[in-house]
Amino acid sequence: MLPDKQKIIVFIVLCIGFLSYSGFLYSHLPVSNPNFSITEAKGKTLWQEHNCTACHQIYGLGGYLGPDLTNEYSLKGPDYIHIFLQTGNNTMPNYHLSESEIQDLIAYLKSVDRSGKSDPRKFSINTNGTINQ
Amino acid sequence: MELSINKAKFTPKVFILVALILLATGMLFGILGGLQYIIPGFLKEALSFEKTRPLHVSSVLFWILFASMGAVLTYLKEHTGNKLYSNNLSRLLFILFVISILSILIAYFSGKFGGREYWEFPPILSLPIIIGWIIFLINFVLSLDSLKSQPVYIWMWLTGIIFFLFTFLESYLWLFPYFNNQVVNDMNIQWKSYGSMVGSWNMLIYGASMYLMTKISNDRSYAYSTKAFVLYFAGLFNLMFNWGHHIYTLPTQPYVQYISYSVSMTELLILGNIIYGWKATLTKAQKFFHRDAYRFLVAADVWVFLNLILAICMSVPAINVYTHGTHITVAHAMGTTIGINTMLLLAVCYDILKDTCISLDPYQKLMKLGFWLANSSLFVFWIALIGAGVLKSKWQMNSDQIAFSLMMQNLSAFFIVFTISGVLLLAGILLSIYPLFKNHLACFFSEK
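Protein sequences appear in the order of chains A and B. Taking the numbering used here, the leading residue of the first sequence gets 1, the next gets one more, and so forth. Taking the numbering used here, the leading residue of the second sequence gets 1, the next gets one more, and so forth.
Errors might be hidden in some of the hints.
[Unchecked claim] Listed next, the in silico DSSO-like pairs over lysine-lysine satisfying Cα-Cα at most 27 Å (straight line):
1. A/76 with B/148
2. B/394 with A/76
3. A/42 with B/112
4. A/117 with B/394
5. B/77 with A/5
6. A/7 with B/227
7. B/148 with A/5
8. B/227 with B/284
Derived by calculation from the structure, the hints in this document are not laboratory data.
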């Protein structure tokens, strides 16, 4: 049986490590100069208010009913996205969005597209099991 | 229910009863979601998928939270041999969580979302959860005399309560523009919190199952052993640092990947321990398998083994790049929440709500049928998701991709199988919990 003192020391060391790592991550976010415009920020709010993540993914995270939209802007273009947002389709409801709301959402998807590539075919795999973007 | 929340009669059992209702509700919404996969446009206007999914997810998450709180409060009382510090605090915790889940479900039905994966309700509704959890922490700490010479499950519960609070608050950092105004930054912190949060409620559940195990076998030595603490610290280490496997494909700093990958490999220690102790586990299983609660603990052991292999594979970035964003991730999520968490919590439910007012003997056949139906249909469900994931992975990696909608059509056979097995899984769970409700109803009327 481990003595209580040892258990407490291990616990404290782990907690200090966790808090230091958390603090470091908060202060060293991956993108140092965030660049959401007002329109993009509005688009993000609309994305959340309509719970788009229930069906769609960004960087492979989110729902599975619809496609991953990380790079939809550069792959399909704003007009294609506009039609979907305006009318919906067989699976996606028509949310009756106004024109400005549609433009905000397109601006948000443009900013997501700008942030990186999510296509797994673009990753290179290293012999040690890690991957590079 | 009225009787149970009455001042004189309040017991943590009500947490378990509400939890079971939420489990059944969550599974019903899950089946509805499954139907929306196989019948495109099903209930598109009335209850579209962006409502069905959070209704399913939140109900099931609250099943886990309610059952965990009920288990910890009940077992803490049994462990100390004293009353809880405050029954009023327990009652307040219960009321706050009931208010939370009811307002969350109403918000979803009326189309009000916060739009964050898993916690999709408007942020204001997280307040009763936070207040309730602080109350839970206070009640837990004050009910415990000291941490001196405590078994491992007390450490697990305390860790689970503290880290859930930390990670739940962390998941709301997006409310600050510093974290929210760039998608990669936002997702980085979001999935850091989610990864550790799952580990937190696992601590509560695994702690409860370990307590139950010591109770059934009447052997407390393991809960105080060095081995139990080594495995606990390995679990805590993973809770803190292995969350990065959720975001290997996010353009974040490379060290997130390296740390998570290295830490995740320590799970091989846990896997090795399962294989090493297999024979002893089997002997114990044969000895206690007739006990209703123990059957679910054994089922969870099998699911731990299957899902740990899957988790370790998915923690290797080179494999994760194939599985990420596919239904293999869903198979892992379902395998762990249903196969492990739900089986362990059902064992706890059986222990806490067992035959106090009527004998469960006449229901033995029914309960065994429910147990086997639930586990066999879960296995089919799990395999169907892995099958769908493999095909989606092939599609993702194909240089000549067909349209997304065509790929989804090609997966429809898997979706049909997983929806049918989902219905059978619900039937199995309902058969398993029906006698528990019948017993509680008998208690309710006899007390009246």
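Outcome of the hint check:
1. A/76 with B/148: violated, 62 Å
2. B/394 with A/76: Answer holds: residue 394 of chain B to residue 76 of chain A is near 22 Å, not above 27 Å.
3. A/42 with B/112: holds, 16 Å
4. A/117 with B/394: holds, 19 Å
5. B/77 with A/5: With Cα atoms ~25 Å apart, residue 77 of chain B and residue 5 of chain A stay inside 27 Å; holds.
6. A/7 with B/227: holds, 12 Å
7. B/148 with A/5: Between residue 148 of chain B and residue 5 of chain A the Cα gap is close to 9 Å, so the pair holds against 27 Å.
8. B/227 with B/284: Roughly 18 Å separates the two Cα atoms, so the pair holds.
Figure legend: structure checked against the earlier numbered hints; the only hint not met is number 1.
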